[in-house]
Every structure is written in C-alpha cells, then in structure tokens.
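Chemist: Each chain is listed here by its residues.
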Amino acid sequence: NAGVMQNPRHLVRRRGQEARLRCSPMKGHSHVYWYRQLPEEGLKFMVYLQKENIIDESGMPKERFSAEFPKEGPSILRIQQVVRGDSAAYFCASSPGGQRELFFGEGSRLTVL
Amino acid sequence: KQEVTQIPAALSVPEGENLVLNCSFTDSAIYNLQWFRQDPGKGLTSLLLIQSSQREQTSGRLNASLDKSSGRSTLYIAASQPGDSATYLCAVRGRRVSEKLVFGKGTKLTVNP
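In the order they appear, the protein sequences are chains A and B. Going by the working numbering, the first residue of the first sequence is number 335, and it counts up by one from there. Going by the working numbering, the first residue of the second sequence is number 1242, and it counts up by one from there.
No lab work stands behind these hints, which were simulated from the structure alone. Where a beta carbon is used, it is the ideal one built from N, C-alpha and C, also for glycine. Don't take every hint at face value.
What the hints assert, rightly or not - Below, in silico cross-link-like pairs of lysine-lysine (DSBU-like), each with a Cα-Cα straight-line distance of 35 Å or less: (1) A:Lys405 with B:Lys1346; (2) A:Lys378 with A:Lys405; (3) A:Lys405 with A:Lys385; (4) A:Lys396 with A:Lys385; (5) A:Lys361 with A:Lys396; (6) B:Lys1349 with B:Lys1283; (7) A:Lys378 with B:Lys1309; (8) A:Lys378 with B:Lys1242; (9) A:Lys385 with B:Lys1309; (10) A:Lys378 with A:Lys396; (11) A:Lys378 with B:Lys1346; (12) A:Lys405 with B:Lys1309; (13) A:Lys405 with B:Lys1349.
Claimed, not checked - Short derived list, chain B residues pointing at chain A, Cβ under 10 Å: (14) Pro1255; (15) Ser1287; (16) Gly1347.
My request is simple: use the sequences and hints to build the entire structure.
Modeler: Structure follows, in structure tokens:
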C-alpha cells in the first residue's frame, strides 16, 4: 500500500508565476489535509478537504491560494502570483476519516526567486 | 484556540542518555495526541498516537505519556542513539470530527556519538 504521494518534491518559481502542488492520498483515504511549514517553524494548517468538498479552509490565505480534491485524481493546492514569502514546504496528509490517524507525505518544497 | 508548546526548542545529548521531550497544550478537550519525527528535508513519520482516554503508549525505546487534565505530554527516549537525531513534533487533535491537528514548533534533538 503506497503512502501519501506528493509531487513535485521541489518546485522553483519566479515571482508572479503559478505553483501547483499535487497530493495523492493513501488508498482508501478520502480525507486530505494541507499544511505549510516555514523555515524553523512548526506546521500550520491550511485546508481540510473531502472528495469534492472543502470542509475547513480557515488556515488558507484569502487571496491567491486555492485547493481542490476532485472526485477523480489528486488533491491540488494552487498558489497564484507567487511571492517570496510563499517559499516553504507544503505537506499533505490523508486519513480514512472519522478522526483516525493522519499519514503525511514527503512534502513539496517551493522556492520563489 | 488550541496552542501547542514544545520545550526545549533544541537539545543536545551524548549517546546512551535517556531523555524527555515536553509538550503542553492549552485546551484539554482533545481527541488524541500524536508524536512525529521529522528528518531534515523530509516528511513526518508518526511515532506514537495516544487517544484521550489513554495515559501512555510505548514503541520500542519510545514511551509517550499524556496528562490531559494538565495539558501535558512527554516523550521519553531511552538509551539514545545518533540515529535518533531529528526534530520531534507534538500535535493534538480536537474532539470535533472536522478538527485538524495543531502542531508545536518541535524540539530539535542531536545525539552525539
């Protein structure tokens, strides 16, 4: 059973470009969480999704950031018009739901030049 | 709003020592608490999960305790090894089904040979 798969593992963008980060949850998991980790900081919650629904986006910046988890395919975290402050590691976690254990991917490291 | 604090922020010990990492949280109404390990540039590996009804969990040389009423958890590592060097993260989850994990900033552990 493959773990949570994130890609790309590393992404470099120039200011103003768009970044798309993908997360494929573990088999059988329909709940996905996105977290952001700034250098020397802990993980900060961004958004919680179930298939085709956003459950909690209280940690997502109001502008430029969006997330989806379609019926088919991976969850996507999209950052439009990136700025240097968006440089961070973005982690995805999945669970079967019902407050069961979360399993994390290896993260996607975004660098904005 | 739940806040998680980990003390110390960094710890350096000689190989073979037993050590304790501390985690405190402000809202005792939690569903569970999880300890993770993060290696530099890597994802999170779940070490131990303690449900709110439990007092402790053990896995090999690791033992985690939970005192929900006082808002504290400790991670005890016995006979530390250089391979234990990593950042250890504590995270708590609230009781609502939609609750996300709230993380501390972590303790960076270095075990010197």
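Chemist: Run every hint past the structure and note whether it holds.
Modeler: So, going through the hints one by one against the coordinates:
1. Distance hint between Lys405 (chain A) and Lys1346 (chain B) is fulfilled; the C-alpha atoms sit about 34 Å from each other, no more than 35 Å.
2. For the given pair, Lys378 (chain A) sits about 26 Å from Lys405 (chain A) by alpha-carbon distance, which is consistent with the 35 Å threshold.
3. Annotation: proposed proximity of Lys405 (chain A) to Lys385 (chain A) holds, straight-line Cα distance about 6 Å (limit 35 Å).
4. Distance check on the hinted pair: Lys396 (chain A) and Lys385 (chain A) sit about 21 Å apart at the alpha-carbon level, within 35 Å; holds.
5. The suggested pairing of Lys361 (chain A) with Lys396 (chain A) holds, with an alpha-carbon distance near 31 Å, which does not exceed 35 Å.
6. Straight-line distance between C-alpha atoms of Lys1349 (chain B) and Lys1283 (chain B) comes to about 14 Å, which keeps the hinted pair within the 35 Å bound.
7. Between Lys378 (chain A) and Lys1309 (chain B) the CA atoms are separated by roughly 23 Å; this keeps the pair inside 35 Å, and the hint holds.
8. Distance restraint check for Lys378 (chain A) and Lys1242 (chain B): the Cα-Cα separation of roughly 13 Å lies within the 35 Å cut-off, and the hinted pair is therefore satisfied.
9. As the CA atoms of Lys385 (chain A) and Lys1309 (chain B) are separated by approximately 33 Å, the hinted pair is consistent with the 35 Å bound.
10. Straight-line distance between C-alpha atoms of Lys378 (chain A) and Lys396 (chain A) comes to about 15 Å, which keeps the hinted pair within the 35 Å bound.
11. As the CA atoms of Lys378 (chain A) and Lys1346 (chain B) are separated by approximately 10 Å, the hinted pair is consistent with the 35 Å bound.
12. Note on Lys405 (chain A) and Lys1309 (chain B): the hinted pairing is violated, with a Cα-Cα distance of about 38 Å set against a maximum of 35 Å.
13. With a C-alpha separation of about 39 Å, the suggested pair Lys405 (chain A) and Lys1349 (chain B) falls outside the 35 Å cut-off, and the hint is violated.
14. About 25 Å separates the beta-carbon of Pro1255 (chain B) from the nearest beta-carbon of chain A, more than 10 Å, and the hint is not met.
15. A cut of 10 Å between beta carbons decides the hint on Ser1287 (chain B): the least distance to chain A is about 7 Å, and the hint holds.
16. With 10 Å as the threshold, the beta carbon of Gly1347 (chain B) comes within range of chain A, its nearest partner Cβ sitting at about 6 Å, so the hint holds.
Violated hints, listed in ascending order, are 12, 13, 14; each of the other numbered hints is respected by the structure.
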